[in-house]
Every structure is written in C-alpha cells, then in structure tokens.
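Engineer: Hey, can you piece these two chains together into the complex? The hints should help.
First to last, the sequence lines map onto chains S and P. Count the first sequence with full-length UniProt numbering and you get residues 1 to 448, in order. Count the second sequence with full-length UniProt numbering and you get residues 1 to 399, in order.
One thing to keep in mind: the hints can contain errors.
Okay, derived cross-link-like pairs now, PhoX-like style, lysine-lysine, Cα gap no bigger than 25 Å in a straight line [what the hints assert, rightly or not]:
#1 S:58 <-> P:354
#2 S:403 <-> P:48
#3 S:58 <-> P:297
#4 S:15 <-> P:297
#5 P:297 <-> S:134
Cβ-Cβ distance ranges computed for the label pairs, FRET-style [what the hints assert, rightly or not]:
#6 P:35 <-> S:297: 29 to 35 Å
#7 S:174 <-> P:188: 57 to 63 Å
#8 S:301 <-> P:37: 57 to 63 Å
Now the stretches of chain S that chain P is said to cover, found in silico as 3 or more residues with beta-carbon under 8 Å [stated by the list, open to error]:
#9 103 to 112
#10 266 to 278
#11 297 to 307
Don't read these hints as lab results, they were simulated from the structure. The structure presented is a predicted model; accordingly, all values stated were derived computationally and were not measured. Ideal placement from N, C-alpha and C gives every residue a C-beta, glycine not left out.
Take a look at the letters that make up each chain.
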Amino acid sequence: MSRPVQARRLEGVDKNIWVEFVKLAATYSTVNLGQGFPDFPPPEFLKEAFSRAVSGEKHMLHQYTRAFGHPPLVKILAQLFGKLLGRDLDPMTNVMVTVGAYQALFCCFQAFIDEGDEVIIIEPFFDCYEPMVKMAGGTPVYVPLRPKAPKEGKLMSSADWQLDPAELASKFSEQTKAIVLNSPNNPLGKVFSRGELELIADLCVKHDALCISDEVYEWLVYDGKEHIRIASLPGMWDRTVIIGSAGKTFNVTGWKVGWTVGPNRLLQHLRTMHQNSVYHCATAAQDAVAQGFQREFEHYGKPDSYFVQLPRELQQKRDQLVQSLVAVGMKPIIPEGTYFLVADISEFKSEVPDVPNSDEPYDSRFAKWMVKNKGLAAIPLSAFYCGAHKNNYNSFIRFCFAKHPLGCKAKLWPLMGACSWEGEPGLLGQWKQHWSRWLLHHSSFQAG
Amino acid sequence: VSTTVNLAKQNTSLVEFTKVAADPSIVNLGQGLPDICPPSYVKEELAKAAAVDRLNQYTRGFGHPSLVKALSQVYERVCGRKIDPLTDILVTVGGYGSLFSTIQALIEEGDEQLLHSNNACFVFIYFSKKNGGNPASSADWVLDPAELASKFNSKTKAIILNTPHNPIGKVFTREELQVIADLCIKHDTLCISDEVYEWLVYKGNKHIKIATLPGMWERTITIGSAGKTYSVTGWKLGWSIGPQNLIKHLQVVHQNTLYTCPTPLQEALAQALWVDYKRMDDPDCYFYSLPRELESKRDRMAQLLQEVGLRPVVPEGGYFMIVDVSTLNVDLSDVDENQPYDYKFVRWMISSKKLSAIPLSAFCGPETKRQFEKYIRFCFIKGLETRNMDDIANNWVVR
Numbered sequence: 001m002s003r004p005v006q007a008r009r010l011e012g013v014d015k016n017i018w019v020e021f022v023k024l025a026a027t028y029s030t031v032n033l034g035q036g037f038p039d040f041p042p043p044e045f046l047k048e049a050f051s052r053a054v055s056g057e058k059h060m061l062h063q064y065t066r067a068f069g070h071p072p073l074v075k076i077l078a079q080l081f082g083k084l085l086g087r088d089l090d091p092m093t094n095v096m097v098t099v100g101a102y103q104a105l106f107c108c109f110q111a112f113i114d115e116g117d118e119v120i121i122i123e124p125f126f127d128c129y130e131p132m133v134k135m136a137g138g139t140p141v142y143v144p145l146r147p148k149a150p151k152e153g154k155l156m157s158s159a160d161w162q163l164d165p166a167e168l169a170s171k172f173s174e175q176t177k178a179i180v181l182n183s184p185n186n187p188l189g190k191v192f193s194r195g196e197l198e199l200i201a202d203l204c205v206k207h208d209a210l211c212i213s214d215e216v217y218e219w220l221v222y223d224g225k226e227h228i229r230i231a232s233l234p235g236m237w238d239r240t241v242i243i244g245s246a247g248k249t250f251n252v253t254g255w256k257v258g259w260t261v262g263p264n265r266l267l268q269h270l271r272t273m274h275q276n277s278v279y280h281c282a283t284a285a286q287d288a289v290a291q292g293f294q295r296e297f298e299h300y301g302k303p304d305s306y307f308v309q310l311p312r313e314l315q316q317k318r319d320q321l322v323q324s325l326v327a328v329g330m331k332p333i334i335p336e337g338t339y340f341l342v343a344d345i346s347e348f349k350s351e352v353p354d355v356p357n358s359d360e361p362y363d364s365r366f367a368k369w370m371v372k373n374k375g376l377a378a379i380p381l382s383a384f385y386c387g388a389h390k391n392n393y394n395s396f397i398r399f400c401f402a403k404h405p406l407g408c409k410a411k412l413w414p415l416m417g418a419c420s421w422e423g424e425p426g427l428l429g430q431w432k433q434h435w436s437r438w439l440l441h442h443s444s445f446q447a448g
Numbered sequence: 001v002s003t004t005v006n007l008a009k010q011n012t013s014l015v016e017f018t019k020v021a022a023d024p025s026i027v028n029l030g031q032g033l034p035d036i037c038p039p040s041y042v043k044e045e046l047a048k049a050a051a052v053d054r055l056n057q058y059t060r061g062f063g064h065p066s067l068v069k070a071l072s073q074v075y076e077r078v079c080g081r082k083i084d085p086l087t088d089i090l091v092t093v094g095g096y097g098s099l100f101s102t103i104q105a106l107i108e109e110g111d112e113q114l115l116h117s118n119n120a121c122f123v124f125i126y127f128s129k130k131n132g133g134n135p136a137s138s139a140d141w142v143l144d145p146a147e148l149a150s151k152f153n154s155k156t157k158a159i160i161l162n163t164p165h166n167p168i169g170k171v172f173t174r175e176e177l178q179v180i181a182d183l184c185i186k187h188d189t190l191c192i193s194d195e196v197y198e199w200l201v202y203k204g205n206k207h208i209k210i211a212t213l214p215g216m217w218e219r220t221i222t223i224g225s226a227g228k229t230y231s232v233t234g235w236k237l238g239w240s241i242g243p244q245n246l247i248k249h250l251q252v253v254h255q256n257t258l259y260t261c262p263t264p265l266q267e268a269l270a271q272a273l274w275v276d277y278k279r280m281d282d283p284d285c286y287f288y289s290l291p292r293e294l295e296s297k298r299d300r301m302a303q304l305l306q307e308v309g310l311r312p313v314v315p316e317g318g319y320f321m322i323v324d325v326s327t328l329n330v331d332l333s334d335v336d337e338n339q340p341y342d343y344k345f346v347r348w349m350i351s352s353k354k355l356s357a358i359p360l361s362a363f364c365g366p367e368t369k370r371q372f373e374k375y376i377r378f379c380f381i382k383g384l385e386t387r388n389m390d391d392i393a394n395n396w397v398v399r
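This is chain P alone, in the form it adopts within the complex (with noise of 0.2 Å):
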C-alpha cells in the first residue's frame, strides 16, 4: 500500500462516530448534516435541471458556465472586486474537494502548514481562552498573537483560516485576521481560508473575508459550499476563489483527480444562486434567513444543555456547539484508560441517554488531545422538535 495511505489512515474518528450513531432510537446530534429542508426551489431547480438531456451529460471541467458566472457575481459583491469566472473560480467536490484540490496543488513534502495536512508536516496552533477562566462563548477563544508569530518560519508555506469556525463555531474578528494577514505578508505564506459557514453568523457578529484585506487577495484561495449555504450536503458541491495564478494550479489537480463535477446540481446550483443574488438587499434572502431560523436552535438548544447540568460554548457563527462535560463529573475511571475523556463520554452518552455528540479531541493532533477532552460538539442543524428536546431532557434526568 502506498505510503500516502498510511498517512491518511489517521483520520477515521468521524466514520467510526457516524457509523455508531446510524441507529435510528439515538438522537444524532453529532453529524453535521441538517435534517431541516433545504428552500423548496432550490429542490425544484434540481428538478427541472435533470428534465433537460443535455444537462445530463458532461459539462465544463473547471465548473458548469451558468454556475461559475453565478458565483463570480455574488462573490464580486461581497468582495468588491472583479472575480473572472473561468480562472478565478474552481467548483469542486464540496468544500471538503476543495481542500483536497489546494492542499494538492500547493503543499509538498518539506513546506510545514499551519492547522492540518497529510503529506507535509503540520504544525499546529490552538486557542486559548482569554483570561483563563471558563468560556461561555466563541469569542472567549483566542489565538495568542506572540504564539502564532512564532510558528511562521521561512518553510511555511500556508496557514489554514476556517472562519466560522468549525466546530468551536468562532468568527473572527477584523482584528484577528489582520494579524494573521500581516504574518502571510511578511512571510509570503499562503492562505486557505475554508468559509463554508461564511453565511451562518449570529446577531452582533460579521463575517469578514480575509481575501478582502490589504496584500491579501493574491495569497489567499477561499472555499465556499453549496451543502452549508443551501441545507443540502448531499450535493457536495464547492468552490475555491482565488488569483487565476493559484486557482490554474487546483485546476491541474481538478483534471487529474476528477476531471467535472455533476453537471445537474452545478446547473440548479447556479439558478438557486441567481434567486438569493437578486434579494442581496432583502432580509427574506436564504443567505439570511437561514441564519435567524438557526440562531433560535442555537439559543434552544444552549438553554436545554445547561438545564441539564452541562456548560455549553455559545458559537457566534456556524451550526456547532462545543460544550464543557467535566460539569457533570461523570466517573468514567474504569474504562479504557488510553482513549481520551470526551471519547468515553460519547460512548456512555450514546448508550445510557440515546443521544449521540462527537468529541472535541478528534478535532486536535495528538499532542493537544488533552486540553481539549472535557468538550463534545452538538449539531443544532436539527429540527428538534418539542417532543425530541423532552426526551432528550428527560433522558438526562433519569440516571
């Protein structure tokens, strides 16, 4: 076996989790996957899309034309500035294809990489809380400044952003990116900025891209999904945008790894996209309203764990939440000792309450595992219905 499957082997605590938590009597808060609706149109385009012959057949490559000119103008307002469609724009396999495409294009043996990696080696970075204490929100994770800036070196060849944050559902502020912004520039580091939850932003808070910073845009490829934005994962259709003398680099990738992306979902895809472009200035919008329907979950299911006893970490963005265990000291000793706490805290949770999470460590490298093992992440993408938020109650409180 090659030895590029050996490093990848690494990866396989959110299979195992998601295979365990299939079993419909448990409910699945783990998964980010939404079990609400995607908008009804944005169903019937895909319907009306698969009606046509030809749009089931290949399409462009690099990314279905109507689709890349969609996205080009929507991003050209966010942005504020001129995005070409055929070399700025790559529609990928969902945003998780896009990673894979950049990290592919960019990255090699010898470059160290910030956050995460599979060939080169990875140097990590985490948050920290401020002021110490307990965080009762996102924005009370922080990254040290003086830390970050010692982490860059002249090897470094990218640092990866993921604003919203998942899972601990953090967005970060001006501020925040223009420090890491002054350290790509300084040290001609790239970066990667996954945004996928760009739309899912809470009341108070905005979510800036740091393409759009000073020296930025031509260091920066930012990844965007249509599962995230539009409630339906299962399209797994993304895109990368960036510089064309980034994005021609994901595309040599593109063309050897798949070559085109699903030519339907690219086309509803882009008729869905042109609906919300029309309302950018309305509140009805889906890029909109999807986040006011969410912050309610948010807000109900923050207030249904601390009744149960537990400490949850309000997100300011995204549909995770990350939340503090060690509230309810549950004695855990007698089982495995190696596995971290949140792990053996899922298993119990998943047997004794029905009810499935997935623990925070499998978000960290191995030498950061135990800071962060009294935490668990909920997927409030749900639709958590009274009577599921009763059971739910109810099962923590029969002991």
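Excised from the complex, chain S in its bound form (with noise of 0.2 Å):
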C-alpha cells in the first residue's frame, strides 16, 4: 500500500503503557504489584452464581440477552443507585451495560466530544482518557493535583494532593465540553471531599460543561472516609454519566462487566454508540452480576455485607504495604481509596543506571530496573500524565495492594537489597533465600 494503510483517527494513540509494563511483568517479575487486579478470590457468593448461570437449567443464559443491559442486571442496578441517588431510576433508560468500565468510557467520549472540543482531564489520570479523547477528535486539556506538604512528623496523605480552584477555573473555556472526574483517584487514592466536588459541579453548571464520572472504586474508602456521587449535587445529575465496575466491585476484573447511569438524554446516545460498536454485551457473567447486586442489596450496611468488608480487608493491607515501604526506605503517599498507593522514590537509594540525555523520565527507568533487576513489578506515576507533563513528577511509583496476604513485607524483599541496611548480612541473606523459594513456589498468575 503507498497511502497508509491505518486511519488518521490512530495517530497518536498507538503507545499503550499496561501492553509495555504488563509483558515486562510477564517475563521478570516474581512479585507483581504493578498492574491493578487482585490476586485474591472473589467471593463465594459470587462464583456460586456464575456456575449457575453457566450450569444450570437455563441454557439461553448462552444465548444474547437485552442489547443495553441484561433485564435482571440493569434492575438491581437501577434500584441500588436509586437508593444511593436518592432518585426513581428507569432500567431501561438509565442504566446501560457495557463491556467494563473502559467501554463505558469509550462510548462516552464517542458519544459527547467532537472535533474542537476540550475535554478538562486531573492529573494523575488514568492513561485511557488521553488517547480516547484523541480517538473522539477532542483536545486533552489538563489540570494537575498538587501535593500540599503534610503536616509535621506525619506521612502525605492523598487528600493532600488537591486542585488550586483559580487554575481550576481557568481551565475551562468555550470549548470545554465535559471534565472526566475519578473518584477515589487512580493512581492517587484521592476521595475527593464534597468541597472539591462542589468547585467542579460550579463550574460544570457555569459552563455547561458535562460531567463523566469514573467511579470504579466506589466501595474502596478507607478510615471511615465517604465516597460522594458528584451527581447528586444540585445542578449535576442532569449533566453527569457515572461510570462503575462489577470488577472492582466484585474483584472480577475479568468478568469485564461495567455499567453507566445517568439521565436518559445522555443515555440514549450511549445506546446508539453501544449498538454500533459491540451491540450486546456477554449474558451468562451479567446474570452472575446481577445475582451479586441483589445479595449485597439485602445486606446493605451490614457487617457481612461484601461492601464493608472488601474495603476493611484492603484497609490492613494498606497499612502493611505503608509500613514496610517505610521501612525500606520509600515514603507512601497514604491513599484514602482505591487499591492503589502512590510512593515517592526521591530518596530511595538505587543502583538504576544514569542515562544522560534520556527523555525517560526517572521513575519510568527506576521501575524498568526493578522489575528486571529485582523481580519486583510497580507503575511508574509519570505513566500518568501527559507527555508534556511526564517530567514533572518523576519520582513516583505506583503499588497495587489488592495481593495475597502474605505480608506485605515479604513482598519487598527483593528491594531490601537495594537499600542501606543495618542488620546482619548472614542472618539477611538466610532470610532471604527462604523467602525467595517460598515466594517462587507462591507466585501468582502473570497476567500478559
């Protein structure tokens, strides 16, 4: 072929971070803390009803279901965020199943954003919405959470990093046609607070901006924090489509079943989209969802309810993970959410090799190096802005915590090495070596 052979719509979003970093993981790492999924079940409750969905009686649970969203799924949907909403929700028209939560992104860009149009992303983002908005024809217009330093004697916590409301505001214009909100933040853990909510909600009313609200981990708050729906405030419901996951609510990442809810004249172009791009989505796991709803439905705020013991679980394997980045020398960066932690690896001694004039930037080649050198799999925070912005906050690395309970600790292990230790090398490298077969007999599934 003379002319290219690929669309004009690609360029620019061939790059993909996870294609990179998940086959260096595949191949090198023995402790994957990188990508974000959990090596742990899901819940029994849960599995039970995807064999009976698969197994039972009803063999057209194989068949095609409802195009926007398997009756029984798109129900309870509607009823747990009617209630969460404190809103009557129609099934049929506000809620939309789609193919994970990155479909339901997908079509939402494709539905809203035209060419010209601006799209306002915080950084750190989750690096989907850059090349979507770039797919769609818009322009990626960014605006950077700042780390405020925490108080004296106390770790960063990821509600330090906040949004300065002047850079804010000056960043919407004529053009802008919707902000992507994600709360709890990936990779930060940021839940933002109601106050933050309400600057981005003024501001999307001024400018009749709509509002994509990216609410994955919507169950994993920690310390008794609260996950606000930004489409409960005054002015938003109209304006917002909210964005949830099976798989980060049930730790089902690949069940890949996501949903959008909204009102019913931004979910009809959702339809449209969903219709011309995948058309239905699989039937027997929305089934097995849906059975899962409407358990945790009943259970609702109860202690045996899934949704307040997922996030007491993640809680203790925060605090561990905190303690033992300290303790090697990292300082975490305490996320309020998610199941991600951010530490800032500034201070950490390394033996990454200097590479003068390399526009990579520091913590993209620290992690490189650890996963190649040590086994160990982590995300480098640059990975989560912009390309102009990559430099600006290099010294970062991103943890998932969603792991085995094997003590966080012995997950380090092979950075104990790397650093200044004081103990007694005899008794270190014994140490060592027993966990090092304990852990190559132990390790999980590499996802690549």
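Structural biologist: Right, dumping it as structure tokens:
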C-alpha cells in the first residue's frame, strides 16, 4: 500500500503503557504489584452465581440478552443506585451495561466529543482518558493535583494532593465539552471531598459542561471516609454520566462487566454508540453480577456486606504496605481509597544506571530496572501524566496492594538489598533465600 | 451530541424488531440466536474456567494466550499457512466487535467502502437474480462482475464480503471469490471477510476463505465468531485474523476501546477448540455435526413455508432463510405508505399469525429497499419441535 493503511484517528494513540509493563511483569517479575487486579479470589456467593448461570437449567443464558443490559442486572443497578442517589431510576433508560468500565468510557467520549471540543482531565489520570479523547477528535486540557506538604511528622496523604481552584477555573473555556472526574482516584487514591466536588460542579453548571464520573473504586474507601457521588450535587444529575465496574466492585476484573448510570438525554446517545460498536455484552456474567448485587442490596450496611468487608480487608493490606515501604526507605502517600498506593522514591538509594540525555522519566527507568533486577513490578507515576508533564512528577511509583495476604514486607524483600541495611548480612542472606523459595513456589499467575 | 452518534442512529431496525418479538406468545424466528443447547463440553469448560481464581482476572489484552494459540492451530490447518498467535490474531467482543475494530482501524472519511459503513461513504452493490425469474436457492443470487468492477475506483479502501451470507445464505464459489480478489489486487483494496458462519455449509457446498487465494492474505482481515461456531451467541467472543501489518492497527483500536475481553470465556473457548481441533478429521467434530443438524431443520422449514403458500429461497449456508411473501398477496395498502412492504408484512404476521421474522429491506441501503421489500428473513437454528411447527401451520390456515 502506498498510502498509510491505517486511519488517521489512530495517530498518537498507539502507545500503551500496559502493553509494555504487563509484558515486562510477565517476563521478569516474581512479585507483581503493578497492574491493578487482585490476586485473591472473588467472593464465594458470586462464584456460585456464575456457576449457576453457566451450568443451570437456563441454557438461554448462553445466548444474546438485551443489548443495553441484561434485564435482571439493569433492574438491580437501578434499584441500588436509585437508593444511593435518592432518585427513581428507570432500568431501561437510566442504566446501560458495557464491556467493563473501559467500554463505558469509550462510549462516552465517542458519543459526546467532536473535533474542537475540549475535555478537562485532572492529573494524574488513568492513562486511557487521553487516547480516548484524541480518538474522538477532542483536545485534552490538563489540570494537576498539586501536593501540599503534610503536617509535621506525618506521612503525606492523598488528601494533600489538591486542585488549585483558580487554576481549575482557568481551564474551562467556550470549547469545554466535559470534565473527567475519577474519584476515588487511580493512581493516587484520592477521595474528593464534598467541597472539592462542589468546586467542580459549580464550574460545570456555569460553563454547561458534562461530567464523566469514573467511580469504579466507589466501594474502596478507608478510614471512615465517604464516597460522594457528584451526580447527587445540585444541578449535576442532568449533566453527569456515572461509570461503575463489577471488576472492581466484586474482584472479578476478568469478567469485564461495567455500567453507566445517568439521565436518558445522555444515555440515549451511549446506547447508539454501544449498538454500533459491540451491540451486546456477554450474558452469563451479567446474570451472576445481578445476583451478586441482589445479595448486597439485601445486606446493605450490614457487617457481612461485601461492600463493608472488602474495604476493611484492603485497609489492613494498605497499612502493611505503608509500614514496609517506610522500612525500606520509600515515602508512601497514604491513599484514602482504591487499592493503589503511590510512593515517593526520590530519596531511595538504588542502582538505576544514569542515562544522560534520556527523556525517559526517572521513575519509568526505575520501574523497569526494578522489575528486571529485583523481580518486583510496579508502575511509574509519570505513566499517568500527559507527555508534556511527565517529568514534573517523575520520582514516584504506584503499587497495587490488592494482593495475597502473605504480608507486604515479604513482598518487598527484593528491594531490601538495594537500600542501606543495618542488619546482619548473614541473617539477611538466609532470610532472603528462605523467602525467595517460598515466593517462587507461591507466585501468582502473571497476566501477559 | 457527536456527529458519530448522528450517523450511527440509522441502525435501529434489529433493535426495534427484537423488542417486539420478545412477547412469549409469539414464535420468534426473527433474531439470529439459537434456542438449541450449546454442546455440553462447551458449558463444562466455562464452569471449570470460572472455578480457577486467576481466570477471573484480566488476561492479555489482544487475546488470552491459550485461546490465540488454539485459534492459530485451527486456522493454520484450514488455511494451510503459518499464523502467529500473538501478531496475526485479535480476540474481540463477538464478530460484531471485530467488524467495528477493523473499520475503525482502517477506514476513514473520504474512503469508499463497498457494502457498509459508519463514517466513510458507502457504495452498495447488490445481488441480482441469475437469469431473472424467481430464485429458489441462494445460489441464484449473484453479483454482476461488470457492475462490481464499476464500483471500484482510486478511493476504494475496502470491500466487505460476507460468506456464508447473512441474510441470503449464499456461499460464494471459488470463481466468484476470484472475481472479487482480482479487483482487490488491481485496485490495491483491502478485503474485510466476515466468515462467522464458516462451518455452516450444506451438502454440495464448500466454504472457501478468500484470504487463501493468491495475493489476498496480505490484504484480508478474516472475521470469526465463537457465538456462531458453538451456538453461544451470549459469549460475545469473536476474532480477526490477518497479516501483522493490518492486525496491529486493530490491536491499537482494541486497546483504546475495551482493552481486554473476558477471561473465563476465552479460556473455555480455547479448551473447546482443542477438543474439536483434535477431531477435525472425524465426522463427529462439532464443526461438521452442527451443519448436519441444521440442514434437516432448513429442509423442514422450507417445506413448511411452501405448504403455507410462501416461496422460500433455500440457503446454501448460514442459519437464515429468506422467503418471498408476495405469493400470498396480502393487501396492506391501508397501512402506512412510507414503510416498505416487508416491514408492514412482518408486523401483520406478528399480530395475526403470532410469528416473527425480520424484513429483508432492513439489510439494504436506502436506494435498494424497494427492490427487496417482498422478502422476509427467518432463522432456523431453533428447537422447532413438531408442536411448534403444527402451531405455525395452523395459524396460517385460520385466516
């Protein structure tokens, strides 16, 4: 072919951090704290529901279901989110099921963004927002969360990373079609406060902008914090699409069941996009997720609710990881939510070779060195910034702590040798050997 | 709302008719979904996969390793060439998802594309009846070579081929494929070959992959579907196979649209493919036993339709049959004039005969709707027990 075979819409969206880092993890890592998926099982009640859907009497669960969402699933989602938002939701028009939250995001950008439209993205951001906006012909406009120094003697929290109100306001223009909000935030773990959400909401209303609200980690909030849904703020329901994920809610990232909730005037366009891209989502998993939600709806607020137990369990893992990172000389930023934690590595002594004239950010080189030499996979924070800003925050790495309860200290042993250790080399050597055998025996499946 | 959505709004027919026919008192022979059971080993493999914890988490974005490996083996055998599982295959959300990824990856504004489109301008070529008259078989529907050639020009980016064809059921012959291939090579055009019904060919017919013709592998994306292969449309798994220099662009679209497909389904499909791969020389292989089962359903349905006075066009492949309803001469002139006859006929048939089908003009572009408005499409991958068949026949007799 003499002209390029591919369409122009693919320009600038071909690189993908996950394709690269997942491959590295698959090749080198023994301890994968990189990609965001849990390595412990989904709840039994959900596995049973899937087993019933697949092997039970209803063999039609192996055939197409309703394109915009399997009826039992959209019904329970409408009930649950209706209760959470304090409004009556119609399962047929206010809810649409998608192939993971990822496809929900894609439908939103394709449905609402045209050439010349600007979309505000808060940095650091889940990396797919940028290429999706570009593929839709839009222009991303970035505004950073800026870290404030923590109180004396305390560790930094994700709450210390904040938007500057004047700076945020300056990013809204005549061309602003939408802002993407991600709370709880991946990668920082920030849970936006009511005040912060009101700031965003006021600007959306003032500029008649849409809000694409990625709330996949809505149940993973710690320390008694509350996840507030921006759609429940005055003036926001009518201009917001809420995105959720069964993968993150129920620890089944491999099922790829997500959803959108919002007003019909917005969802009707998502339906059009959906019916022209994938049309239907797989049936059996939708049926099982519906049963899972039914169970949770009945147990809502009770101690045995999965939505209560899961964050409790993850909070413990978070705290263990924080301790371990402090012990090896990294400075963790304590996340208020999600199962990610970002650590400052600027003072961590490492053997990352110096590469003069490289424009690859330090944290990316560090992460690659770490996985190849220490077998420990994590993701550089610069991956969550646009090209122009990658070097602004290049000494942080992101860990995922939704991992098997063998104690995060053990998971970090590969790093022990890299820092100055004032223990007994002999004992340390023995300990390392013992753990290395144990870890290799127990290492979980590396997605690749 | 974006211009993308405005263009996309045209495709609503199937959505509308699916809703109407969801009423349980109506025998639904419209939408193409099987109401026969998938083979038991397929369901068992899914149950087994879901019981493994790590198979409930993300897998490789472009396709679960064991699945792309199994697909490469099956298709290496069929195509007689090496297929690299990592670079020549993309797993997608159904054949539908493959079509979407392919068109998003390779077609843009200004490109012409034969047969179908979202953003590009579409050029339709339609079947004509061989020797005029009333076709009795899908083989009687042909493309006129001169007319086809006249549609190609320097702006033609791709042709979309569907064989076995939905809705007509035509299985393109080698000679017919060669005509298309020659034009693709002459005009440096891509071929998007939708072969989701590839195993469903009936006696006397052979499915030929256009990608195996000389000069075609490097310019063809071939699309397949687990839903149609294993009667599991609700799994929504499909694949695109082709040369790395084309597939890589589909992979870029995929990583920016859904990133990865569900893991347990892919693992189960991989295991099912291995079962049938090992018996590809055996008549019990599901790839051959399913079409045998469907052929007898096809014949029973054709007979029934003739008995009630309709004229079926017997398909060479696929699980759809189109039927000429003009023989009944049902007067629907008092109903909305702007609707094509077949839309009106189907609505009339649903309410008075409790039977649903899909109007053929739903599959046509605006210029040709009127030419095909006396046909409706039935699906025969259905239980079709004797009781149902009797009901259908009785409903027709009582007018």
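Engineer: Hint by hint, where does the structure go against what was stated? Just the numbers, ascending.
Structural biologist: Violated hints: 4, 5, 7, 8 and 11; rest satisfied.
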